[in-house]
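K.L.:
Sequence:
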Amino acid sequence: MIKNQTTMKEQLLIDHGYKHLWFIVLGTFLLVLILPFFKSVDLSIGALGLLLSALAEVLTTFFQHKHITFIISLVLGWRLALIICVILFFYIMWASGNMLFIK
1 MIKNQTTMKE QLLIDHGYKH LWFIVLGTFL LVLILPFFKS VDLSIGALGL LLSALAEVLT
61 TFFQHKHITF IISLVLGWRL ALIICVILFF YIMWASGNML FIK
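When the letters of the sequence shown are read in order and numbered with full-length UniProt numbering, they come out as residues 1 to 103.
Hint data in this document are derived by calculation from the structure and do not stem from the laboratory.
Hints may be right or wrong, so weigh each one.
Said to hold, decoys possible - What follows is a list of derived Cβ distance ranges for each label pair:
# : residue 1 : residue 2 : range
1 : W22       : V86       : 18 to 24 angstroms
2 : V41       : K66       : 23 to 29 angstroms
3 : G27       : I71       : 25 to 31 angstroms
4 : T69       : K39       : 43 to 49 angstroms
5 : I68       : G27       : 25 to 31 angstroms
6 : L43       : W22       : 19 to 25 angstroms
7 : R79       : L21       : 32 to 38 angstroms
8 : V75       : K39       : 35 to 41 angstroms
9 : L50       : I72       : 23 to 29 angstroms
Idealized CB from N, CA, C, for every residue including glycine.
Kindly produce the complete structure, drawing on both the sequences and the hints.
P.N.:
Written out as structure tokens, the structure reads:
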């Protein structure tokens, strides 16, 4: 094994890629917040799918940096990303006018 090379157990992303992925997450998050007001639901759902995968990767790597075991950090990262994206999905439906809340 090569010295100073990280394994998947230690870290999923290198630090350089981890920082760039945060910018991708923030950019897609802004897209998801803005696009529904232009009534482009298809693009919003596509951006939400990208946000789900990128956010899960970032959160899993974040938990890895906090020295949580690989399997637990993977489950926590995906669950937290899924919860956030489900909330954002209902936001997309509400902001685009495709969902009516009736009392």
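K.L.:
Confirm or reject each hint.
P.N.:
Checked hints:
1. W22 - V86: 18 to 24 angstroms: Given about 21 angstroms between the Cβ atoms, the range holds.
2. V41 - K66: 23 to 29 angstroms: The hint (23 to 29 angstroms, Cβ to Cβ) is violated, given that V41 and K66 are roughly 36 angstroms apart.
3. G27 - I71: 25 to 31 angstroms: Roughly 29 angstroms apart at Cβ, these two residues keep to the hinted range, so it holds.
4. T69 - K39: 43 to 49 angstroms: holds (44 angstroms)
5. I68 - G27: 25 to 31 angstroms: Holds: the Cβ-Cβ distance is about 27 angstroms, inside 25 to 31 angstroms.
6. L43 - W22: 19 to 25 angstroms: Since L43 and W22 have Cβ atoms about 22 angstroms apart, the given range 19 to 25 angstroms holds.
7. R79 - L21: 32 to 38 angstroms: Given about 19 angstroms between the Cβ atoms, the range is violated.
8. V75 - K39: 35 to 41 angstroms: holds (36 angstroms)
9. L50 - I72: 23 to 29 angstroms: At 25 angstroms between Cβs, range holds.
Violated hints, in rising order: 2 and 7; the structure is consistent with all others.
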